[in-house]
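Asks: Below are the chains, spelled out letter by letter.
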Amino acid sequence: MRAELRIAGFGGQGVISAGRIAGQAAVLYDGKQATFTQSYGPEARGGACAAEVVISDVPVAYPLLTIPDVAILMSQEAYAKYAQEVKPGGILIVDPDLVDHDDRQDVRLLRVPATRIAESLGRRIVANVVMLGALAAAWSVVSKEALLKAVLAAVPPHTRELNQQAFEAGYQYVKERYGAGN
Amino acid sequence: MPAKTILTGVHFMNGDEAIAEGAIAAGCRFFAAYPITPQSEIAERLAWRLPQIGGMFIQMEDEIAAIAAVLGASWGGMKAMTATSGPGFSLMMENLGLAVMTETPCVIVDVQRGAPSTGLPTLVAQGDMMQARWGSHGHYEIIALCPASPQEAFDLTVKAFALAERFRVPVLLMTDEVVGHMYERVEIPPEVPVAPRRRPRVPPEEFLPFQPDPDLVPPMACAGEGYRVHVTGLTHDERGYPDMTPEAHDRLVRRLVDKIRLFPEEYTFYEEVQLADAEIAVVSYGISARVSLGGIELARKAGIKAGLFRLITAWPFPDEAIHKLAQRVKGIVVVELNLGQMSREVERAVRGLVPVHGVFHAGGRIHTPEEVFQGIEEVYRRCR
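Protein sequence lines correspond, in order, to chains A and B.
Quick note: the first sequence, position 82, residue 82 per my numbering, numbers continuous.
Quick note: the second sequence, position 346, residue 346 per my numbering, numbers continuous.
It is worth saying that the hints were derived from the structure and are not from the lab.
Even for Gly, the Cβ is constructed at its ideal location relative to N, Cα and C.
One or more of the hints may lead you astray.
Unchecked claim - Pairwise CB distance ranges, derived in the manner of DEER restraints: (1) V58/A to Q327/B: 30 to 36 Å; (2) V58/A to G9/B: 20 to 26 Å; (3) V58/A to Q374/B: 21 to 27 Å; (4) R382/B to S39/A: 32 to 38 Å; (5) G122/A to E94/B: 29 to 35 Å; (6) R365/B to V58/A: 50 to 56 Å; (7) G122/A to W48/B: 40 to 46 Å; (8) E378/B to Q172/A: 51 to 57 Å; (9) R160/A to G138/B: 57 to 63 Å.
Unchecked claim - Covered stretches of chain A, going by a simulated chain B footprint (3 or more residues, C-beta under 8 Å): (10) 13–25; (11) 62–74.
Bound-form chain B, shown alone (with noise of 0.2 Å):
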C-alpha cells in the first residue's frame, strides 16, 4: 500500500504507476484525465493518490477538456498534468499549442498504443512520434522525452516538469504501452527537488507578463496574486494584448522556438551502449531500443561490433550528437514501432554520411532480437 505521503524506497510497479508517482514526486498536484487504454493505470492510482496528499483529481468530459482543465491549473500555480493514448493525443493537439502560445508549464502523457484512429487499444506502437513534434498548428518549439522502463518513466516525469517550469513550455513524455504496462523494479529517492517556477520580480504594476528575460522565458504570475494576468492564443505583445502586426508574430514565434533551441544542453539526454568500438549503431528509443540490445548481443556474437545510441529526448532531435555519431560508425540501423518516423530526422542529421536503414513494424507487437539483428546484418553487408 502506498504510504499517504509522496512514495521513496523500493517498488515493484508499472511504468504507468510510475508515471504517477513521479508527478508527484516533482510536485504535481493537478490532474485532469479521460481514461484510455493503455494510460488507466495513471489516471487510475492518481484518483486514488492525488486526495491522500491534498492533491486534485478530475475525469473530464474528454481530452479536449482534459487538456484545458490542466492549463487553467498550471495559471492557478498548480503543477498540472494530463495523460493519454493516440485518439485522446489528437484531441488535445490544439490546446497543446494553445499551451505553447501562452507558455504554459505542464506535463502531457501519451501511452502509445496501435493507430491510425483506435486502431489497436491494448497493444503497443510508437506511432505518434511525428504528431509530438508538429502534432498542432503553426510553427512552434516543444520537448519530447521517451522513457524505455518504469524506473526511467519515473525519472523522466520528475525532469519532465522541470523543463516545463524552466522553459515554461509543455513537456511531452512519449511512452507506449509495453513500458506503461509492464512491472519493474523502481526506485524512488528520499529527496525529490520540486522544480520553483519562475516568479516576477517586480511589483504588480511594472509587470509585464511577457516581458522575457535574457534567457527569452518571461517570468510567471498567476491568477489570483495581484498581479495583470493576461492569457490570449492570439499574438501578443509584452503585455499580453493582441498584436495583429506581422512585426510582433515573427518576434513572438521567434521567441518562444528559440528559448528552447539556445540551450540543447539543458533538455538533451541520450545514452551510448557499446558504441566505443561499434562499426554499426543501433538508433532506437522507448521500448524498442531495450530490444535492440538483444540484437546488439547476436551481432556481437556474430562477430559484428554494433552499438546503441539511444534518444531519451526525442524533441528537439539531437542532430549535433547523431551527425557526430554517423562520423564515427560505418552505418546505422533505427529500430522504431512505426514505419519510418524519427529515421527521416536520423537521415536528416546524417547528412549522407553513411547509410541508414530501418528496422520499421507498424506496431501490435514489439521487435525481436532477431529482427534487430538482421537489419544490422544488412546493413553491415552495404557498407562493406
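If we strip away everything but chain A, and leave its shape as in the complex, we get (with noise of 0.2 Å):
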C-alpha cells in the first residue's frame, strides 16, 4: 500500500503543519511509515505553499509524490496548480469560499469551507485542523483517532479544546454533507 496526500494553499493558512501531522498520525499512532515533504516560496505569508505525504506499509522508496489519491486546497493558485493532478477515484477537498471550482467528475468532490468553520470556531488560524477532520471522514489511510491524537500534540496545550473541536467539525461537516463514503 502507497498513498499519496496533498495539502496546498497559501502561507500562513498552516498547509504545512497539517501535512506534518498527517505524517506524524500515520508514523506514531497508526504504526505506518510516512515521509513529508514541503514546498513553499521565501515569503513567511501569502506565497504558495504545499505539504505533500506519502503513507506506505513498508519503508517510501522515492520520497516524492507520483499522483495523489486525496488533494486539499485552500486556494485559487493551489486549485489551478493541483486540482487536475489528482488520481481518479480520489478524493479532492477544496475551501469553496477560497477556491472558484469546476466539478471534476472523476474524483470524489468535497467542499469544506473551512475557514468559515474556524471562523465561526472563533479562531481562522484552526481551517487546517478543520480541513484534517474532514480528511479523517473521507479517507481512511490515517485513521481518525491517529489524526486527532497528532493534531493534539502538535498544537499548543492552552488550544487544544479550540483545535479538538475544528478536528470534530470538519469531520461532522463531511459525515452528514457526503455520508461515510470510506
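Both chains are given apart, each in its own frame, so use the hints to dock them into the complex.
Replies: This is the structure:
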C-alpha cells in the first residue's frame, strides 16, 4: 500500500503543519511509514505552499508524490496548479469560499468551507485542523484517532480544546453532507 | 517536545533534526556554525537543545570561524560538530586541512544544495562530493558518509563521531536538501555508546603528542590536562615541533593517509538491494539511491534484472567492493545529482570490465524513477 496526500494553499493557512500532523499521525499512532516533504516560497506568509505526504506499510522508496490520492486545496493558485493531478477515483477537498472550482466528475469532490467553520469557532487559524477532520471523515488510510491525537500533540496546550472542536466540526461536516463514503 | 536529556523512542523528524539529535546522542556538546539553507534546522535545533543538556552552541561570524571554533573545542576535550551547505563548505576547506594535519577529531555536515556559488539555496544537489575528497590543499585521506533517510542521518552522525575519535580525523556527513528537509520515522535507541577519545597512557613528562600507536594513530591529550599540547599546521615531528625536512614531511603525510587507508573494514559501509541475480547494478548514494529503487522496480517489471549498490561510505571510495561488483554484473548505472563525480570513481574501480553509464542531473530536483529506468535500459541494450 502506497497512498499520497497533498495539502496546498498559501503561507499562514497552516498547510505545512497539517501535512506534518498527517505524517506524524501515520507514523506515531497508526504504526505506518510516512514521508513528509514541503515546498514553499521565500515569503513567510501569502506565498504558495504545499505539504506532501506519502504513507505506506513498508519504508517509502521514492519520497515525493507521483499521483496523489487526496488533495486538500485551500487557495485558487493551489487549485489551478494541483486540481487536475488528483488520481481518478481519488478525493479532492476544496474550501469553496476560497476556491472557484469546476466539478471534476472522476474524483470525489468535497466542498468544505473550513475557513468559515474556523471563523465560527472564533479562530480562522484552525482552518487547517477543520480540513484534517474532513480528511478523517473521507479517507481511511490514516485513522481518525491517530489524526486527532497528532493534532492535539502538535498544538499549544491551551488551544487543545479549540483544535479538538475544529477537528470534530470538519469531521461532522463531511459525515453529514457526504455520508460515510470510505 | 524533546526531553531535556538525550531523546529516545520513535519520532517523526526531518533529516536535519535527526543529525542534531544524533550528535547529542553521540556525546557532542559543542556546535559552532553559521546559518545557511538547507542546514539551518540543524543549527536551530542545537541552539535550543544543547543548552538544555549543558552543551554549548555558538553562532559564529562565518563558516571559517565556525570550523575554527570546532577545532578549538575538540582540543579542549569536547566532541564538536559544525554544519553548513556548499558556500560555507567552501569557506571551511582551509581549516578542514588544518583538522587533518593536526589530527583533530570532529564532524562536519554538508547539506548539499544546487551549486556552484550560491546556486539554488533551497533546492537539492550532490555536487560537493569531489570537494569533500579533495577540497582542501595537499594530499590527505578523509572519511565521508552519505545518509539516505532521516533515520540514517541519525545513525551515521553517531557513527561519524565514533570514526572521528577512532582515526583522529574530521569525518564528513555528506547529505542533501531532500534528506535534510524530509520528515520520516526516526527511532532512537535507549542507549547510544559514546566513543571514547584515545588518551595518553604515559605521564606528562614522557608524552610525545604525535607519537603514533602501532595503528598509526597517536593518543590525544587535551589542553589543560597537564600534558604538553603543541598544535601546528606546519609539518611537525612526534613532539609537535615544526620539521621542514622532506623526510619528516613524507613520513607525516604518509602516516596521515595510511592510518585510514590500512583499515577499510572499519569504515567501508554499503548496502546491496536485489543484487543476487542482477545483470545491471545501479550505484548511487543519498537521496538518489532511494529514487534508484523506483527505477529498479520499473526495470524488473520490464524483465531486466537490476539491483542497487548503495554507497554509504563515499570516501575512502570502496574500490574493491565496486571491482567485485563489476565481476558479477554486465553493466553499471551511476545515478547522482551532479554531472558525474562519484561515477569517475566507479569507472576507475571497474577498470573497464563492464560499461558504466551515468544518469546525471545538475540538481534542483531529484531524479524520477523513469529516468533511472531509462539509464538501466540504455546500459542493458549496450551490454547485450
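Asks: Which of the listed hints are broken here?
Replies: 5, 6, 7
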